[in-house]
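Asker: The primary structure of each chain is shown beneath.
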Amino acid sequence: AGQPHKRRRTSEPSEIEERLESLICRVGEKSNSSLESNLEGLAGVLEADLPNYKSKILRILCTVYVWSARLLPEKLTVYTTLVGLLNARNYNFGGEFVEAMIRQLKECLKVNMYNEAVHLVRFLSDLVNCHVIAAPSMVAMFENFVSVTQEEDVPQVRCDWYMFAFLSSLPWVGKELYEKKDAEMDRLLSQTESYLKRRQKIHVPMLQVWTADKPHPQEEYLDCLWSQIQKLKKDRWQERHILRPYLAFDSVLCEALQHNLPPFTPPPHTEDSVYPMPRVIFRMFDYTDDPEGPVMPGSHSVERFVIEENLHCIIKSHWKERKTCAAQLLSYPGNNKIPLNYHIVEVIFAELFQLPSPPHIEVMYTTLLIELCKLQPGSLPQVLAQATEMLYMRLDTMNTTCVDRFINWFSHHLSNFQFRWSWEDWSDCLTQDLEKPKPKFVREVLEKCMRLSYHQRIIDIVPASFSVLSPANPVCIYKYGDESNRSLPGYTVALCLTIAIKNKASNDEIFSILKDVPNPNQDDDDGEGFTFNPLKIEVFVQTLLHLAAKSFSHSFSALAKFHEVFKTLAESDEGKLHVLRVVYEVWKNHPQMIAVLVDKMIRTQIVDCAAVANWIFSSELAHDFTRFYIWEILHSTIRKMNKHVLKIHKELEETKARLARQHKR
Amino acid sequence: AMSSGGTLSILRSDSYAELSQYRDQHFRGTRYDQERLLRKSCTLYVGNLSFYTTEEQIHELFGKSGDIKKVIMGLDKVKKTACGFCFVEYYARGDAENAMRYINGTRLDDRIIRTDWDAGFKEGRQYGRGRSGGQVRDEYRQDYDAGRGGYGKTVQ
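Sequence lines, in order, name chains A and B. Number 211 in the UniProt record's numbering belongs to position 211 of the first sequence; there are no gaps in the numbering. Number 70 in the UniProt record's numbering belongs to position 70 of the second sequence; there are no gaps in the numbering.
For the record, the hints were derived by calculation from the structure and aren't laboratory data. Check before you lean on any hint, since a few could be wrong.
Each pair of labels, with its calculated beta carbon distance range [stated by the list, open to error]: (1) A:Gly298 / B:Arg23: 53 to 59 Å; (2) B:Lys70 / A:Glu292: 33 to 39 Å; (3) B:Gly94 / A:Tyr91: 47 to 53 Å; (4) A:Glu179 / B:Leu19: 31 to 37 Å.
Covered stretches of chain A, going by a simulated chain B footprint (3 or more residues, C-beta under 8 Å) [as the list claims (entries may be wrong)]: (5) 185–193; (6) 320–326.
Glycine included, C-beta positions come from ideal geometry on N, C-alpha and C.
The following block holds chain A by itself, in its conformation from the complex (with noise of 0.2 Å):
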């Protein structure tokens, strides 16, 4: 929509298309007892309009699973049945359909769309219950899917991927499957379970959230999927929670004539191919946390699984819209059947400590969660509450990482409901060490807040009691600038240069004034020309962070003006660190100002990553080794590092290719 001057293409066919997809779509936005009557009736018009339109309908059809799988997946059932009243009234139409699926099958597995893949599984497998699939030729392709876990020198999760497939179609389909085909069912489960038995795990005590295996296991998620479908065949395979319309239309499905699936050879394994990570599955509810509400389905109920894919779908969909995404996920069907709430505040905790790293930027999850609560204003805020009581009491055997997201989320969240919080709830936590993780996770909290607050805000929120972990006032120490350090070498420098600056001095003009510093290791010399003097660096680092100690804004400024004062005197790696050391000294009360002077000194240059690391692991910095802003430090120095990787990589990809392109002239 940006450039005026071309114009849109109009043409008859758009048109029916746009009207053949809006009505598609729209039939399966209500499941309620008109649902049959629509489907009935937009069944006649699709037969209808099949002699003029059949390849755009079986277009926009093959394009339907992507609508089920992302933006309606709980009606994925809808449109199966959809496709199985155009079969019984139109068999080569159910033919050619089939067909065009099994082609997308192939496509996305060709170009590493796994998650796509997996839907059009589950469509294909849910069409075996509407009669247009026959049920042996699904399960020889499941035969092939499983038969993939003997193939030899392939990655696990190559294997991993095929299982998953089958195993998450069950649900939809393990009844029908069983009973014409309960023999290779058999066989086909009993392999699964040797595969599952003798895979590697070692991912997963690198993957789970916490390393206790109570209230909750960690499970693996193929075995938990495997548990959830043993337990489904253990009950018959009697699945409650996905809607099935097509039994609506039984009578009229099973006189229809069913294809089979053409022999499926999954795609062999190449050097392109990238399968799924595996994942560990969180779970931190279960049916005695909402006493008073619907009962939570177990965690090896199939249930449970569907209503997770279901709403990890809607998030995955509606990322970028976060009303949408809210609204979506709370109009999840089944809302009195199952405690909605818990399981959204279960799925998007899921996410947000997903290890190594949330699907979505971390920010997403804080701004959907408050969206939930401003939909849900009388019940999603308590149960956030009882989520946020629940991670707490479990720090002791949480991951790190996922303590320090925690903290972001927390801090964060409270920032926009006025710091609200029971905090005498945590008092336990005052009488342990400060280094045990929930004091720590408390001070750590506390000072989040204050970043978006001020100092006295969070002594104002917080109980007396607290005090001991409240964060420090966050001002400058000088150490020149008392009368009473008159004694301190440099003083009388750092005096003269305070005058200098405010009076608007050059570079040379500090130069001129710290030539008269005298340098404590005369002695040393390290060959190489370079003098490094640590006094000189002292009085010039604090008196100038001392002057623009104001604001950010006044820092960097002070860094670009003297920054060529900054490059001569951090010239060597030992200046470098000491310019660090100094930066720390003057500013150990407010690490988010260390943080962006940090940041700051590494874009221009006047230290490098190498030299906050070494600041960052040196013994001086060893009692904050724990404290949350030396990784914020050290990650943002990596990540800077791994773009400045990236942007000469790539610099040098195209000089190459310049070059080459000039040798063929």
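Start from chain A and add chain B according to the hints.
Answerer: Using the frame of chain A, we list chain B on its own:
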């Protein structure tokens, strides 16, 4: 707005990151120029700040969507004190987009703040354009806002 056709476009929807209706009347250049700059800008205008909100608080909040290049506080033209708006410039547009998606419309210093795309900071744009030196909106508003100097200037 032109329709993209079809309901699958719902999946591509990104309404929070779109341009608003606002166009800077003082912009030097055509509407087209301004829109072109807005579409590739890494700079956001942030409004409805309290006069007491600090650069540090802004940096902490907006840093959640990515690395900040610069924060420029909006100043009263006469008093040279904060007058309730600022510019936040990111190194990468994607980070600014995430701020539009997830920080716009949430609270800073207990106030719902509003972000919008900006064509880019130019010297002079850090000053309020109201007759009294602050922002135009503070000239004419009738309500009492303790974080923005009390009543509007014409009321005072």
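Asker: Please go over all the hints and tell whether each is borne out by the structure.
Answerer: Evaluation of the provided hints:
In this structure the supplied range 53 to 59 Å holds for A:Gly298 paired with B:Arg23, their Cβ-Cβ distance being about 56 Å. B:Lys70 and A:Glu292 have their C-beta atoms about 51 Å apart, which leaves the hinted 33 to 39 Å range violated. Distance hint check for B:Gly94 and A:Tyr91: the Cβ-Cβ separation is about 49 Å, which falls inside the suggested range of 47 to 53 Å. Take A:Glu179 and B:Leu19: their Cβ atoms lie about 57 Å apart, and the range 31 to 37 Å is violated.
Figure legend: the segment 185–193 of chain A, annotated as covered by chain B; annotation inconsistent (0 residues with Cβ-Cβ distances under 8 Å, at least 3 required). Residues of the segment 320–326 of chain A lying with their CB closer than 8 Å to a CB of chain B number 4, which satisfies the three-residue condition for coverage.
Of the numbered hints listed earlier, those contradicted by the structure are 2, 4 and 5.
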